[in-house]
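A.B. asks: Since the structure of chain A is already known, use the hints to place chain B on it.
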Amino acid sequence: MRLLFAALTAVLVAAAPAWAAGSPTLERVKKNGYLRCGVNEGLPGFASPDAKGNWTGMDVDFCRAVAAAIFNDPKKVRFTPTSAKVRFTVLQSGEVDLLSRNTTWTMSRDTQLGLEFVGVSYYDGQGFMVPKKLNVTSAKQLNGANVCTNTGTTTELNLADYFRANGLKYKVIAFEKNAEVLAAYDAGRCDAYTTDASGLYAERLKLRNASDHIILPEIISKEPLGPLVNQGDQQWGDLVRWTLFALMNAEELGVTQRNADQMLKSANPEVRRLLGVEGAFGESIGLTKDWVVRIVKGAGNYGEIFERNVGVNSPLKIKRGQNALWNKGGLHYAPPVR
Amino acid sequence: MPRANHIPWWRTRRTQNVAFQVLLVVGVAVLGFVLVTNAMETIQRQNIATGFRFLNNTAGFDIVQTLIPYNETSTYARVLLVGVLNTLVVASIGIVFATLLGFVIGIGQLSSNWLVAKLCRAYVEIVRNVPLLLQIFFWYFAVLRALPGPRESWGLGDAVFLNSRGLYLPGPHTDQGFGFVLLALAAGVVGSFLVAARARRVREVTGVVTPVLPLVLTLIVVPVAIASAAAGFPVTFSWPALSGLNFDGGTVVLPELMALIVALATYTASYIGEIVRAGIQGVSRGQMEASQAMGLSRGQTLRLVIVPQAMRQIIPPLTSQYLNLTKNSSLAVAIAYPDLVSVFAGTSLSQTGQAIEIIAITMAVYLTLSLLTSAFMNWYNARVALTER
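Those sequence lines, one after another, are chains A and B. Be aware that the first sequence starts at 0, since it is given in numbering that gives the first Met the number 0, and climbs by one per residue. Be aware that the second sequence starts at 0, since it is given in numbering that gives the first Met the number 0, and climbs by one per residue.
In case anyone wonders, no lab produced these hints; they're calculated from the structure. Misleading hints may appear alongside valid ones.
[Said to hold, decoys possible] Below, computed lysine to any residue pairings styled on SDA-like, alpha-carbon distance capped at 25 Å:
| hint | chain 1 | residue 1 | chain 2 | residue 2 |
| --- | --- | --- | --- | --- |
| 1 | B | 326 | A | 178 |
| 2 | A | 84 | B | 44 |
| 3 | A | 132 | B | 240 |
| 4 | A | 84 | B | 54 |
| 5 | A | 168 | B | 77 |
Only chain A is shown next, with the shape it has when bound in the complex:
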């Protein structure tokens, strides 16, 4: 028996991954020839398949930006739709390389799950949607309300905190999937629907009479949404983090999908460093020095991604607000490339 254990241990040790230099995740992605990205199952504006089966949305475009940085081809992504409940397990088990699924960055998620949030791609907050005929104009008037939401999200906790803090009674009706939350709300099961405000705007589009419903002004929580990777592969984390920063820096410096090639001739040293004309910053994260050119040409800059998917001219009609850059009154502030 001891011999058996010894043999077994030897096999396990031999099979353990060698911690060589570089990023094992990046090596795997390159070997596969595509990036595996976990996204929402269907949230318009963030991740949803269109009529032709193409995935669209902000979270989807972020995956495309990472793919463009690696392969110079934003199409080299395979999307895995994940429910709120299984998303972390899917990433932990290595079924996806990256989770870009409107996930709130919280301390417990960052420290206890073996995962790493790379940054904030969208500043969100939890809100309420109610039917207009309820004649409610503030969340404080929701005493005794039945509130529909999803299980397995921070929304259940925020809801409990908010009603407790305000001394209001409520009942929470928590479904596993978005589709049933909306159907139950539509069927009159609940007085209010609560989730992140961006989600409310998106779900409202699916209602039979979207204009009969209003989103209440109160935002009851901080919901910084961002992409995650597994802990333990520092370089991969850096690659994803700096892809996010590159999108924001590109917007800040005015590099767009259309003018990226002309900007190579820019005299601005910041632009020249960002686009790899001076220095080779991309190489330190395992990419080429023109990585930002690839990203912006493949997916656009942060502002373009925002406007295309959720902005005021999209069906969601969300204003930039907190999601503007720091120099335009928002919260997005990317460290410089230098």
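C.D. replies: Then chain B, alone, in the frame of chain A:
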């Protein structure tokens, strides 16, 4: 001279049998060891917190239906208990209704009335051939769409209201002295069992049938009434009333619970119907003819001769239907009924991220429920088994 067909000990059938068993056990043990060490190694490498300490942490979320006191500051261990009780509620009510409906459908299929027999047959074929999850959605959304909003509730007097938020009933609240009433009730029930057992012995020995029902009712009702009066009627009712957006007070039966019970009961009843039909048809025709020859009525034949014999064939497959119903109740999460899977393997799992521990506990709970149900049904089966006198 050695015999030509002597078999060495290591080639005998007995040795080989033992050897294969040992090999199999070792193989399974090694596989298990590899799986467990692999999982533990991965968890450690990824810095995922492990252990059952999270059960003492504050849950922080609310649950819409709790049989025991619970609020946002309760622990995850409490959430587990709430979830188990909610699962038990659905499973036990579902089993009762499924059994009643199933027996009606099963016996109905053998009815001499053509229409009744065909209707029951059609019921079985339609209901058992549609996926349960779809039926749950059907009942849930059909019920929701049909019911009015809280301000347009259907009311029965000022006591009972039905709307899309549930069925509101007056809720009993017990005051001091209720314990005496419970004691009186318990004493009445125990007394009734004694009386019934005695009547049974008398019948078996002398053949004289004593009607026990009136006696039993007296034994239960009278002490309870006296105890209640003596304690000053220690039960008060709170009445549901519209306050703010919804009704408050009383007790509420959630539409999710109603839909789930209807779906589980009707679905399982279609299987039970088949089991009952097969069980009855399994009793030999001679039994029917013999009891008619002895002058028993049709009802008596069914009640005293056919069903007791059919039960022996019905109980084992019926047990597995009960287990199925209990396990199927985990589909509750789809329509927001707060069962074990929803509140514990759903919300708690997501908040704590302790997937392995939580799923293990959840599986252990379902396993325990199933084994208990099985044990009870086996005991009952042994009781009704053929005894020769």
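A.B. asks: Determine for every hint whether it applies to the structure shown.
C.D. replies: Checked hints:
no., hint, result
1, 326(B) - 178(A), "holds (24 Å)"
2, 84(A) - 44(B), "holds (22 Å)"
3, 132(A) - 240(B), "holds (21 Å)"
4, 84(A) - 54(B), "holds (19 Å)"
5, 168(A) - 77(B), "holds (21 Å)"
Violated hints: none; the structure is consistent with every hint.
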